[in-house]
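Please put together the full structure from these sequences, using the hints given.
Number of protein chains: 2
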Amino acid sequence: MTQSSFARSWVTSANGHSDFTLQNLPLGVFSHKGSAPRSGVAIGEHIFDLEAALAAGLFEGEAKAAVEASLGGTLNAFFALGRSARVALRQRLQELLSEGSTLRGKIEAQGARLLPLACECEMHLPAKIGDYTDFYVGIEHAKNVGKLFRPDNPLLPNYKYVPIGYHGRASTIRPSGVEVRRPKGQTLPAGQTEPSFGPCARLDYELELGIWVGQGNDMGSAIPVSEAGEHIAGFCLLNDWSARDIQAWEYQPLGPFLSKSFITSISPWVVTAEALEPFRRAQPARPEGDPQPLAYLLDAHDQASGALDIELEVLLLTESMRERNLPAHRLGLSNSLNMYWTAAQLVAHHSVNGCQLQAGDLFGSGTLSGPQRSQLGSLLEITEGGKHPIELPGGEIRRFLEDGDEIILRARCAREGFASIGFGECRGKVVAAR
Amino acid sequence: MTQSSFARSWVTSANGHSDFTLQNLPLGVFSHKGSAPRSGVAIGEHIFDLEAALAAGLFEGEAKAAVEASLGGTLNAFFALGRSARVALRQRLQELLSEGSTLRGKIEAQGARLLPLACECEMHLPAKIGDYTDFYVGIEHAKNVGKLFRPDNPLLPNYKYVPIGYHGRASTIRPSGVEVRRPKGQTLPAGQTEPSFGPCARLDYELELGIWVGQGNDMGSAIPVSEAGEHIAGFCLLNDWSARDIQAWEYQPLGPFLSKSFITSISPWVVTAEALEPFRRAQPARPEGDPQPLAYLLDAHDQASGALDIELEVLLLTESMRERNLPAHRLGLSNSLNMYWTAAQLVAHHSVNGCQLQAGDLFGSGTLSGPQRSQLGSLLEITEGGKHPIELPGGEIRRFLEDGDEIILRARCAREGFASIGFGECRGKVVAAR
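Protein chains in written order, with the UniProt record's numbering: chain A, 1 to 434; chain B, 1 to 434.
Just so you know, the hints here were simulated from the structure itself, not pulled from any lab data. Please note: incorrect hints may appear among the correct ones.
As the list claims (entries may be wrong) - Pair by pair, the computed Cβ-Cβ distance ranges are:
{"#": "1", "chain 1": "A", "residue 1": "31", "chain 2": "B", "residue 2": "412", "range": "25 to 31 Å"}
{"#": "2", "chain 1": "B", "residue 1": "324", "chain 2": "A", "residue 2": "146", "range": "26 to 32 Å"}
{"#": "3", "chain 1": "B", "residue 1": "91", "chain 2": "A", "residue 2": "31", "range": "37 to 43 Å"}
{"#": "4", "chain 1": "B", "residue 1": "412", "chain 2": "A", "residue 2": "143", "range": "51 to 57 Å"}
{"#": "5", "chain 1": "B", "residue 1": "122", "chain 2": "A", "residue 2": "416", "range": "55 to 61 Å"}
Quick caveat: nothing in here was measured; it's all calculated off a predicted structure. Quick reminder that beta carbons are idealized off the backbone N, C-alpha and C, glycines included.
And the structure:
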């Protein structure tokens, strides 16, 4: 680890402050100038085309098998191979792309293998998502939302025992950049007893971490928490767009439905579990008085290193700010250490009843607000349900999102003695209801 | 319609009281003696092998295109073709299989095209299910469950405006016959403040109608209720197995999760919208005082003929009853007219926010209890949450399901002047927790 922790790439844009350093090497699915979707790896400002590299004979053994499993425009089969295949591919990619690589000439001679990410490539979903589960394990968010309803008792009695989650809609998950059509639906106007129908008036974002399932399990067989980390392929950013007015009216007794299912945006690059290894931390100590997790959620190794130190940022760029060339305004800066449960605990809980997880399933963490005002992950929390509007640079105010507003999620990991890595962006611009 | 409403088939087991008459012709996916899964049509006690019939040149034009879309072991592409393809295939199948068919000799000469359903064929899921949505539109069930919590005010204020539903787990939907492993999970024992972990002690079934989505919609485009019926490919039976103790502890605030996701069983045959045409009814009048549906849910044609008159039955066969050769005991006999919303209204509501539906998505109706005691669709209702156990033939008692108990769902449609049709069975036997 130490040897390569600062190694540089001959792809010079990958060095320095890039999200996509030689230590990151996230996988994704792209098309180049309208080609069929295929898999690639982000390196600096380029995509390393895995299919072309395979054809050029740059892989062998387990790394070759890993690339072969990533053909066809989805990474599901690659995810299903598990950790060993990811490690083999990562090692080979670091050989190929590091500063001293003897193969640099061969790769550069066929320039089509390194494609400019920003201007020529379109990103797709990295996998066919079988099932999407949205958790609610950002405890500060749960407290803040709970306070709006129950000021004295914000967390329900089950919160500190059960990693709360619910099934989300898989068919409307889209990669960064896809526009967000304002949904219509039923809402109950304040003071009324009969609902109205129309465009959502309280549209919101939620800053979440996405978790990609790697190897699955058979129905009926739980994944022990001690093995659960092995079932996680990687991570992304996730914006759980939310129509708060629709949600308030529909969600009793069975949970959110149309208030969330109109779209969910994710960043398209899968940051692997291996790339995040240096940024693992001990699970933060539970506050005095909090119960210990039940045994099926408790593993010493997971407690010692199962949390992730990822800085998460959410920014807003309005139509007016774009016109006036103002930079995007930061709405919140938080961290994935605000998860009350680790990713491994989510896998263990989700499967403990025998529920089958499959490669390419996606989890959302829930909104990852921090305890400070500057660390909130939704407008619902920032404006306290619209009661306290915020003023933006340029003088606009917002209670909830307006048409033309673009939300940008970013994430980075930094640690003394290690190269930084980033997640790329998850963007979505709100467009008017149809 | 009238001419063929009593037409008989030369497959003699299809005449009389068969579920699978010439007027039904449900589609499914089967394998024969271990073959790869392929599509077929149930007729009497046989499966008509569509792939073999296609190879023999028995289809042309739109019917041929319909069969071609049903190859490969899933009906998704066939569902996506919509109504016209289903009608063309249905007409051709009725020609081929009716008593006077000139092609009977040709079909019989190649016996492999008619396979004995019960003894040689295994049924699979008919489609790859992208998303599964479970509704809650059986109003008698909603009242009964609500009464357990709120005796004076069983229905929440949104119930008569919003077709309540939530996202379910697609990965654990299984065809009839797959065993039901008792789930483990967290529960809060009565009188305790801390949860325990262990096998579910309050395992239950739910009698539901399944609805298969045909043609989908683009994300962002709602399906109007006037067109929604065109987006439904067919129907099946659905058992929404439920762990009541896990559910009670986990479901606040985001709805049921692990209490339902361990398995959902469906009957494997897709009874088409066309086969159900004679059994359509006017939507039952809303009781005095109930609100009118909002405009996006209201369509005159749907109100006049959007409800379905399907008799639904649930039976229990315990280990001890099997040993003593006792017949299965009827737990409830209900009807799909207990749906407060039509299938078309479910489609319109689900997509009104722009949510994308896709061919092969599945809806559950919610438990379809009737107002009488003999019409209840779950043990939760029959025993009032376990308070009033029932006695079975042979003297056993049940509050909830025991290991070895098998639940059998059946459904039939009957109408004066028309041949009856049935759905086949949806069976599942509970096995001990692992």
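For each hint, the structure was consulted:
A C-beta distance of roughly 51 Å is found between residue 31(A) and residue 412(B), which places it outside the suggested range of 25 to 31 Å. Remark: the range hint 26 to 32 Å for residue 324(B) to residue 146(A) is contradicted by a beta-carbon distance near 53 Å. Checked against the given bound of 37 to 43 Å, the beta carbons of residue 91(B) and residue 31(A), roughly 42 Å apart, stay inside it. Taking 51 to 57 Å as the suggested C-beta distance range, the pair residue 412(B) and residue 143(A) conforms, at roughly 52 Å.
Taking the beta carbon of each, residue 122(B) and residue 416(A) are about 59 Å apart, inside 55 to 61 Å as hinted.
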